[in-house]
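Enquirer: Residues per chain, in single letters:
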Amino acid sequence: NAGVTQTPKFRVLKTGQSMTLLCAQDMNHEYMYWYRQDPGMGLRLIHYSVGEGTTAKGEVPDGYNVSRLKKQNFLLGLESAAPSQTSVYFCASSAGQGTGELFFGEGSRLTVL
Amino acid sequence: DAKTTQPPSMDCAEGRAANLPCNHSTISGNEYVYWYRQIHSQGPQYIIHGLKNNETNEMASLIITEDRKSSTLILPHATLRDTAVYYCILRYPNAGGTSYGKLTFGQGTILTVHP
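The listed protein sequences derive, respectively, from chains A and B.
To convert, note that position 15 of the first sequence is 15 in the working numbering; the numbers rise steadily by one, no gaps.
Count along the second sequence starting at 1, add 1000, and that's the number in the working numbering.
Warning: the hint list may mix true and false statements.
[What the hints assert, rightly or not] Negatives, chain A to chain B, calculated, CB over 10 Å:
(1) Thr7
(2) Thr20
(3) Ala24
(4) Gly42
(5) Asn65
(6) Arg68
(7) Lys71
(8) Gln72
(9) Leu78
(10) Ala82
(11) Ser84
(12) Glu101
[As the list claims (entries may be wrong)] Here are some, though not all, of the chain B residues that point toward chain A, as calculated from beta-carbon distances under 7 Å:
(13) Cys1012
(14) Gln1042
(15) Gly1043
(16) Tyr1046
(17) Arg1091
(18) Phe1105
Calculated directly from the structure, the hints in this document are not laboratory data.
Think of the CB as a built atom: it goes at the ideal place given N, C-alpha and C, for glycine as much as any other residue.
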């Protein structure tokens, strides 16, 4: 049982390049989330999904897009990367409605030069 | 979500109990107290949560005062692997809309377990 798996774990991009982070969960959870964590800023919610085929904006959605075509996968896309998007990105999932028990992945460290 | 206050750091000897306090004097009647931890370079890990009664699971115990203005997370037999940042978070149940997934992590307490 892998839980929440993120790929890739590390990536270096040049400004303007695009990329996609993949999050996969094997717990049959309905809810999935993408966060970014920056020093002194805590965790900030980028986008979330409450079920297959649905997505919604979180606190800091600008510059990111997401898709949830399959229940187990939640993709985070950067269309045109900027240095301000240098961060550690965490994916998480949860089961019931509004539960605060989230299961996090190991993180993806992204550097934009 | 109401604010929490935690000491910035604590030390604990391996094998001893670690008692991590959290103040939440402005907690609302239906806000739950959640505890997460984050080991260096890893994703946050859920530990335990409670409303008003004390709770225990395989990882820890949560003691909430009767007035709910403070709580203590207890790791009964700390190990070196428990060295991490511990976060006390308040959250409404069934939080919807933009509160989905919103966990306001403060600065937390850096717990260092010594041999």
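Enquirer: Run every hint past the structure and note whether it holds.
Expert: Hints, verified against the model:
| no. | hint | verdict |
| --- | --- | --- |
| 1 | Thr7 | 14 Å, holds |
| 2 | Thr20 | 19 Å, holds |
| 3 | Ala24 | 14 Å, holds |
| 4 | Gly42 | 4 Å, violated |
| 5 | Asn65 | 17 Å, holds |
| 6 | Arg68 | 13 Å, holds |
| 7 | Lys71 | 16 Å, holds |
| 8 | Gln72 | 17 Å, holds |
| 9 | Leu78 | 20 Å, holds |
| 10 | Ala82 | 24 Å, holds |
| 11 | Ser84 | 20 Å, holds |
| 12 | Glu101 | 5 Å, violated |
| 13 | Cys1012 | 24 Å, violated |
| 14 | Gln1042 | 6 Å, holds |
| 15 | Gly1043 | 3 Å, holds |
| 16 | Tyr1046 | 5 Å, holds |
| 17 | Arg1091 | 4 Å, holds |
| 18 | Phe1105 | 4 Å, holds |
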